[in-house]
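Chemist: Listed below, chain by chain, are the residues.
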Amino acid sequence: MKFGVVVFPGSNCDYDAYHVLHSVLKQDTVFLWHKDHNLQGADCVILPGGFSYGDYLRSGAIARFSPLMCEVAEFAERGGLVLGICNGFQILMEMGLLPGAMLRNKRLKFLCQFVHLRLEKEGTAFTRLGRRGQVLRLPIAHYEGNYYAPPETLEELEKGGQVVFRYSDREGRLSEEANVNGALNSIAGIINRRGNVLGLMPHPERASEAVFGSQDGRLIFESLIKSWP
Amino acid sequence: MIDPKILADHNLTLEEYETIVRLIGREPNWTELGIFSVMWSEHCCYKSSKVHLRKLPTEGRQVIQGPGENAGIIDIGDGLAVVFKIESHNHPSFIEPFQGAATGVGGILRDIFTMGARPVALLDSLRFGPLGAGRNKAIMEGVVSGISSYGNSIGVPTVGGEVTFDPSYSLNPLVNVFCLGLARQDKIFYARAGQPGNQVLYVGSKTGRDGIHGATMASAEFGKETEHKRPNVQVGDPFKEKLLLEACLEVMDKNLIVGIQDMGAAGLTCSTTEVPAKSGLGLSFNLDLVPQREAGMTPYEIMLSESQERMLIVAEKGKVEEVRQVFAKWDLEAVVIGEITSGGRLVGTFGGRTEIDVPVEAVINRCPVYNRKFEPPARTAPRLDWESLPQPADLKAAFLRLLASPTIADKEWVFRQYDHMVQTNTILLPGADAAVLRIKGTAKAVAMTLDGNAAFAALDPRAGGRLAVAEACRNLACVGAAPIGVTNCLNFGNPEKPEVMWQFKEVIEGMAEACRAFGIPVTGGNVSFYNDTEGASILPTPVLGVVGLLEDAAKMVTPGFKAEGEVVVLLGRNGPELGGSEYLRAVHSREEGPCPGLDLSEEVKLQELCREASGRGLLRSAHDVSEGGLAVCLAECAFLGNRQIGCDLDFGEEMRTDALLFGESQSRIVITVRPDDLDKLLGLARKKHVPAVILGETGGTDLVFHHQDREAVRVPVAEAYRAWKEALPEAFLIK
Amino acid sequence: MKVRILVSFKDSVLDPQGQTVMNALHTLGYGFVKNARQGKVFELEVEGLSREQAEAAIPELADKVLVNPIIEKFSWQVLET
Amino acid sequence: MKVRILVSFKDSVLDPQGQTVMNALHTLGYGFVKNARQGKVFELEVEGLSREQAEAAIPELADKVLVNPIIEKFSWQVLET
Ligand SMILES: Nc1ncnc2c1ncn2[C@@H]1O[C@H](COP(=O)(O)OP(=O)(O)O)[C@@H](O)[C@H]1O
Ligand SMILES: [Mg+2]
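Chains as they are written, first to last, in the working numbering: chain E, 266 to 494; chain L, 239 to 973; chain U, 576 to 656; chain Y, 576 to 656.
Simulated from the structure, these hints should not be mistaken for laboratory data.
Among these hints, one or two may not hold up.
Once the Cα atoms are required to be at most 30 Å apart in a straight line, the calculated DSBU-like pairs of lysine-lysine come out as [unchecked claim]:
id: 1; chain 1: Y; residue 1: Lys609; chain 2: U; residue 2: Lys609
id: 2; chain 1: U; residue 1: Lys609; chain 2: Y; residue 2: Lys577
id: 3; chain 1: L; residue 1: Lys243; chain 2: E; residue 2: Lys291
id: 4; chain 1: L; residue 1: Lys678; chain 2: E; residue 2: Lys291
id: 5; chain 1: U; residue 1: Lys585; chain 2: Y; residue 2: Lys577
id: 6; chain 1: U; residue 1: Lys648; chain 2: Y; residue 2: Lys609
id: 7; chain 1: L; residue 1: Lys555; chain 2: E; residue 2: Lys300
id: 8; chain 1: Y; residue 1: Lys609; chain 2: E; residue 2: Lys371
id: 9; chain 1: L; residue 1: Lys243; chain 2: L; residue 2: Lys555
Excised from the complex, chain E in its bound form (with noise of 0.2 Å):
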C-alpha cells in the first residue's frame, strides 16, 4: 500500500507521520509536495498537522485552495481513503468534505496533552482493528479543536454513526471535564459517509512507538494497511 503525506509550507506534522509509516510500519511512503497535481500513485493520503498557511484566518482556510488539493477531493470522490489530522482535520472541514468547524478550545487556550479516546465506530478502514467502546490515548496538540456543527448536521452525524472517536477518561465515560476542548458531543473525530475520508483532532503518529509511552496510535494506521487488498 502507498501513502502520500501532504505538504503545506506550514505543516510540521509531515515528518513525524511519514517516519511511522515508512520507517516504524515500513510502508511505501512518499510527500506530496502541495502546489504539484499529483498524488503519485498513494492509496491513501494523509492531511498532516501543523500551521498550514500560518493559521492566522482560520486554521486551514488558505490550505484548501492549494493546487494539489484538487486532486485529493476528487480522490476522495472517487472513494479514495484520506485521513486529515488536527490542522488536517480542519483543512478537510474548511474543503467541505467533512461537515462542521473547529471553535477555540473552551478555556481559551493550546491544549498539548495526552488525552483518552473512545472508539464509537468499528469496521471502518480506519478503526478495522478496533472495537467499538475500546479506549484509545493518544496527544492532541491544538489551540481550535472545539468541535462544531448545527444541530441538524450533529444529528445527521450521529444518526449516520460517523462520529469515530469521543474525548472520555480512562474508562471510556463521557464528562464535562474529559471533553477537554469543549467539542459538541465530545466529538474528536469524524468520518464522511461513505466511509473513506477520517478527520481526528489527536495525534495517531505521536503514539505509534514504544519509546511514547502509548502506541494506541498503530490502531489507525495498521487498520488502513489491513483495509489493503
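Got chain E; can you put chains L, U and Y with the ligands on it based on the hints?
Modeler: Chains L, U and Y with the ligands in isolation, oriented as in the chain E frame:
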C-alpha cells in the same frame, strides 16, 4: 551636529564618540552614528562583560564551535552535532509580553538554523513578579502564550524550562529562551564572506520601522517614563520564519551558499558588518534595493530596523539563480543587494549617494571594553538565627503550603500550552528533571535543562554561580545523561553600579570554577544588563542551560516511583541548611542566608554514581532534591509515576524536623531500586565514596515521613497532589 | 477604494472570547458592560473596480476566503472611494 | 447602548495576518486587492451610561483592556442608543 543630547539618545559617551571619529577619520553622519551606536551597545558588544566572560572555560575535546558565533556546536558522534544557545528577551517582554516573548523565540531559532542546524527543541526560563498582582498575571499569560504561539506554529517543541517568582521581577520579567538544533557536521555554516565578488542576498520579510534601537533599548535602564516612551516592539510572523527555516536549510543542504547571518538585534547593520569582518573583507551594497515595507524610510531606519524573519546570505555569482529558485519555492524573495569587496569597508549607497563608508573592522572589533568598578554591597545578607524561627506546630500544613507555592507548584498550566511533542523525539516530557530527546537513526538521546537559583545568587553570587551549574548537571545525571556543553544567560542590573558589577564578576567566577570541576565547556551565552526599574535591580539571575548526552536512550531514568515495595535510597547527606530556602520564603516570609554549601568534588562523585547506576540498569527512578527540600522531592516522585504511589520513610538525622524536611542542602538525589538490586547499589556507592541511606519503601496511598521514629508528616498523596497541581490554575482562574 | 468587512460569529455560536473579555472588564470594574462579542475586521485597499463590480466581488471573496459560513456571518461597507 | 470598537495594528507595525490574507486573495485571482489589514472588532452592550459618560469610559476601557497602545490603535462608535 553632535550634541550631548544626541549622544545620550544613542547611548554613547563623549569618549566613545571621539573614538569613532578617530577610527573613521571624520565626523560620522547620522546613519553611521546609528551604526556605531547599536554595534557598540552593551547588548551587541558586551563592553562591560567581556573582561569577566573570558574567565569561563571554553575548551573541550568535543567542541566544534565555542563562543563567538551565533551558537555553540558540540560533536555528539555519528557525524552529528548539537547546536545550542540561550537568549534573553526581557525588556520587550515587559513592554509587550506576547510579541516580546514570541519574537524572542523567533530570534533564538534563527541563531540556530543560520548555522545549518534544524531546531529540535526549545526551553524557556521565566521569572515573574508575585501572581497576587493582576499586572504580573497579565505579563505571565502574555509571555506564555507568545512563546506557545510562535514555537507551536513553527513546529519546534518547547520541552522544558523553569518558572519562578520574586518581587524584584514585577516591573522587569525575565524571558530567557534556549534552542537546540541538530546538524550534520559536514553541513555547518557560518557568517562568512568567502571572497570579493561574491553576491550579497537579502531574504525574508521586508524591512519596516520595527524596533528601531531595540538593541540600545536592551542596554538602557528603564525609568518611569518607559511606560509612556514605549519603544516600538516587533510583531513576529512564525509562518514567515517557517518558510525561511525550510528555504535556508534547503540552500545549505544543496551547498548553494558561502555564508549566512541572521538579522537579529541591530538587523542589517550587524549582518552587513559581521559577515565581511569575519573574513577580513568588505561589503558594498545599495540601500535602495533592500525590500521595504513602508515608503520613505531613511537609510538610518533601514540600517537599524529590527524587523523579524530576515537573513543575509552570501553566495557565488554562479549560484544566485539557484538560490533564488529555492526561496521562490517557499514563496520568499531573495534579492541581491550588493557584493563582497576587498579593502574591508562597508559602503552603502542610497539614492545614488554614498551614505555609509566605514571600516567594518572598526565597527566590529574596536568597541571599547570596560573593566567597570566593582565592590561588594555595604550590607551583606542577614544570616538566619534559628532561635527566632519557630518550628511550625503543623508540619503537614507547612508542607502543603510549600507544595502550592508558585515556584514549586506544578507547571503544567504553562507547558500544556506548548506543543512539546511535535517532531516525535521527546521521550521525556516536561515535568521531569530534564527534557530528553531521542536522536532518530541512532541509539542516543540528548538531555537538556535550564536552571538558576536567584535567591542563592542574591545571598552569595559566587556560590549562586557554582550552585546553578551543579544543579543543572545534577538534573542531567538524574535522567542518566553526562553533561557535554553549557550555555548561559546572565540577567543583572545596571553594570554601572559597582555592587551589580561585583555580583556579575562573582557569579561568573563561581560558574567558571564549577564548569571546570565538571569538565564542561561553555560554548556561548548571553548577557542582559540594565534589568533595573526605577533604580531597583532584579536579583542577580544566572540561568544555566546545560546539554547532556545519553549513549543509550533505553537507559533513561525518570523521577516518578514505578511500583510498590521498592527501596527508597537517599544518595548524599542531609544538613541543617534552611538559608535561602523556598520554605523560609513561602512559609515564614523570610529572606535569610547563608545559602547551602557545595563541595564540588562530592557533587561530581554523586553524579558519576547516579549515571553509573542508571547505566547498569539499577535505578527505577531518580530525582534530585532542589526547591522545597526532601519532602517536596519525595512528593514529586510520588506524583510523577504512571499512577500515584505513596511511601513510608524514616529519617534519623539529629536536627530540626523542618530543616530536615525542607532544607535545601545540595548534592542529594533520591532514587528507588528493586530490593534485589539494593546490595549492588550500596556496593557501588561505597566504591564511589558517596553516602547512601535507606529511607524506606514505596507503597500505600500516603506520604509518611518519620523523624527519629516520630511520625512527622502523614498526608494522602492525592491531597498533596491537589495542592501542587491546582496552585497555578487557581491563580489564573477568572472569577 | 477602501472597504471594510466585519466578520463575527453567528448568534447561535457561543463566543468564549467575548465572554473572557467581559469577565476581564468586570473584574476591572467596568460592570456597565452587559455583553461583549469579539469578531474580526478586514480593511482592503481595492483598485480598478467600479462600485458595481465591488458590490459583486467583495461579498464573493468574503464568502470564499474570509468567512466560514458554518460559524460566521459578515457585513461590509465602502469607506472611501 | 451598543458600541463598536475597532482595534488594528498601527500602520507602521507588520500585520502578518493581513499579509497572508492578501497573498491568498491574489493566488485566487483577486488581484485588485492592493493591501489588506486584519484587526479585531468588539461589540459591547453598555447599560446605565449617559452619552457623556460613555465618551469617557469607552476609550478608557479600550486602552486598558482591549488595546496594547504600543502596537495597536483603535477607533469606536456608538451603534444604537
Ligand atoms: N517555562 C517552562 N516551560 C516548559 N517547561 C517548564 C517550564 N517551567 C517548568 N517547566 C518544567 O517543569 C518541571 C519542573 O521544573 P523545575 O522545578 O525547575 O525542575 P528542576 O527543579 O528539576 O530544574 C521541569 O520538567 C521543567 O521542564
Ligand atoms: Mg530537579
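Chemist: Would you pick out the hints that fail for this structure and give their numbers low to high?
Modeler: Those not satisfied are hints 1, 3, 8, 9.
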